[in-house]
Structures are given as C-alpha cells and as structure tokens.
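Asker: Here the sequence shown stands for residues 1 to 358, numbered as in full-length UniProt numbering.
These are computed hints drawn from the structure, not numbers from a lab.
Certain hints may be false.
[Claimed, not checked] Derived lysine-lysine pairs resembling DSBU-like cross-links, with alpha carbons at most 35 Å apart:
id: 1; residue 1: Lys49; residue 2: Lys149
id: 2; residue 1: Lys73; residue 2: Lys49
id: 3; residue 1: Lys49; residue 2: Lys147
id: 4; residue 1: Lys282; residue 2: Lys213
Because the structure is a prediction, the values reported are computed rather than measured.
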Amino acid sequence: MAAKTRARTAEVQTFPGDTPADVLRGYYRSMSLIRNFELRSSEMYARAKIGGYCHLNLGEEATVVGLMAAINKGDYLFTGYRDHGYALMRDLEPGRVMAELFGKTTGVSGGRGGSMHMFDSEARLFGGYGIVGGQIPPATGVALAIKAKQQAGAESDAVMCLLGDGTTNIGAFHESLNLAGLWNLPIVYVIVNNRLGMGTTVEAASAEPDLYKRGASYRIPGIRVDGDDVLAVRDAAETALARARTERQPVLLELMCYRLRGHSVVDPARYRSAEETTIAQKSDPVPVFRAQLIAAGILDDAAADAIDAEIDAIVDASVEFGDASPDPDPADLFAYVYATPVANAPSALPGDPVMEAL
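Sequences are here, hints too, so could you generate the full structure?
Answerer: Pasting the structure below:
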C-alpha cells in the first residue's frame, strides 16, 4: 500500500496534521546540516583529506531526517555505507563525524572506520557496513535478541535496518526476511530506493521493481512512501516501528527518493539522462521544504538564511576539528584486530624486517 504524498510546491500554505512549527523548523535545520556537511565532505575528498570510498546522502535528506525523527533513542540502527547523515541525526558531534572521515583518532570509530563504517554503541548506531547487505543478518540477529529479552520482561525496543534498492537482490535479504517473518521479530527493514543500484536502474535489475512487495513472500507487510516528504517518512516509520514493538511484526518500508550525485564522490553519473537529472533536481527536498515552510509562514527568508548560516559555522568548525585532530599512531595499527588477546597475533608493520626463523 502506498502512503499518501503531501504536495511539495511553494504554493502550499499549510501543513496537514499537528506538527508544531518549532519541530518543522528543526527538521529544516537537520536537513540543512546534512546537506552542508555532505557538500563539505565532497570538497574535503577532492582535497585528499578523506581517503578510501565516500558515499553521500545528498538528495536523501528528507528520508534521513524523517526516519531519525521516528526512531527511539533505545532502538538499534543498522545502515549501509551511505551513513554520514544518520550518524549526525543520532546526535553524534559533527566534528567527530568529520574527524572519522579524515581518519583521525577523535573520530566516531577512532579513525578506523572512515566514511563507510560509522559505529557508536552508546548511540546504538551499529554501522556503517561496507559489504552490500552485510548489515541485514546482524540486524536481524539483534531483533531476535530483543525478542528474547522482551519475553523475559525487558523494555520493548526495535531495530531499523537500512539498505539500498540493489541490496534486495542478494541472498542475505531474503534469508533474513524469511527468518524475521517466521519468528515475528521486532524489526523494520527500510529500502532507500534512489532508483539506481550504482548505475543500474531498478527496473533493469529486479523482476519485481515494486520493492515494497518483496516482503509478501514472507508475510511481511510492505509500504511505499515518498522519500522526499519528511513528514510522510516520519509518519510511516513511526507506524512501522510501533507495529514492530507492540505486535512483533516486521515491516518493509520502501522510500522513493533521488541521489543528487553519482553513487560515490568519484562517480560522474554519466548514465543519467538530462531529463532524469532535471527531475532529481526539481525534487531536491531541501529547497522544496524551505519553500514550503516559507509559504506556510513557518519561516521567512531571513530566518531560513540564519539557520543556514548557523549550520555553515557548525560544519566549518567540524572541518577545523578534523584538521586539528591527531593522526593515529602506526604502533596501534593492530589494536582491536581481536576483541581479546590472541596468541601470535600480527604485530609487524609494513617495511619491518622479517624475523629470522629460529
């Protein structure tokens, strides 16, 4: 079933529902933070301050903010490798997130994870997974653990597991949904469908391109929602999480959105037609939501500009923090390879002389 989509034009005068004006302004601030942070991340990558792979949430700001507005502090969040915005919305300091991208010791994961492996157990952000679909089995396992604790009388939490459209074609997706449906696990699987698995369209890769229907084989209800509508995303996610918590019923959400850049920062996205690019730009949720708020009298241009200026300063400070943070000590290269000490664990650094056999 498809959720109703709210209009997204500057002519909108009021918002349906009873969302307070300060909450709506907060959503815009969060979307602005993600947008500005990701633009600066792209710049920092071009300046070689960020190494490895780097995937941005540009164009997915309404999806990120709507989902994170629905999730409880005690819920567990698993993401794929497009994870910067989710880390920010889990209240991790922008400086720590940027420092992680820079590979610095003050980063979210001590500089060991980089762009694709954000992790913070206190925030219950459990990755950041670089392997496509790698997050789905452990997220399902956490949901099983939650169910076991609930049966013992513990407080009711839930799991939200994010994945891309291309991930729905791998075995771990179907195996995990089968177990979640069989065991009635408290988990919401969220497909962020930006219409392209890297450079391949959903229609060219999936025999069933309506991805929210894929849970039907496991008797898991599916919902498709306009991912450019922050309120629609929030409402659908709240409903799904409540169902997972109270009925132990897994749910499959499909959020339709666009990414405004290529798959990663080095992808020029030449596979997109001019028409598709125009549609994506017109659907850009950040300026559209700003126009909505102004048209409804919730913001004016000066107030919106003030929010953007505040965010500029925060992101500037995050870059300064990352730059000023210390690099890891090479002597710590093999720390945390194992959770507990292991005999004969690796310790030699690249270039060290090989020990002679005794």
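Asker: Please go over all the hints and tell whether each is borne out by the structure.
Answerer: Cross-check of the supplied hints:
1. Lys49 <-> Lys149: 43 Å, violated
2. Lys73 <-> Lys49: OK: Lys73 and Lys49 at ~32 Å, within 35 Å.
3. Lys49 <-> Lys147: Distance of about 43 Å is beyond 35 Å: violated.
4. Lys282 <-> Lys213: Cα-Cα ~28 Å, so holds.
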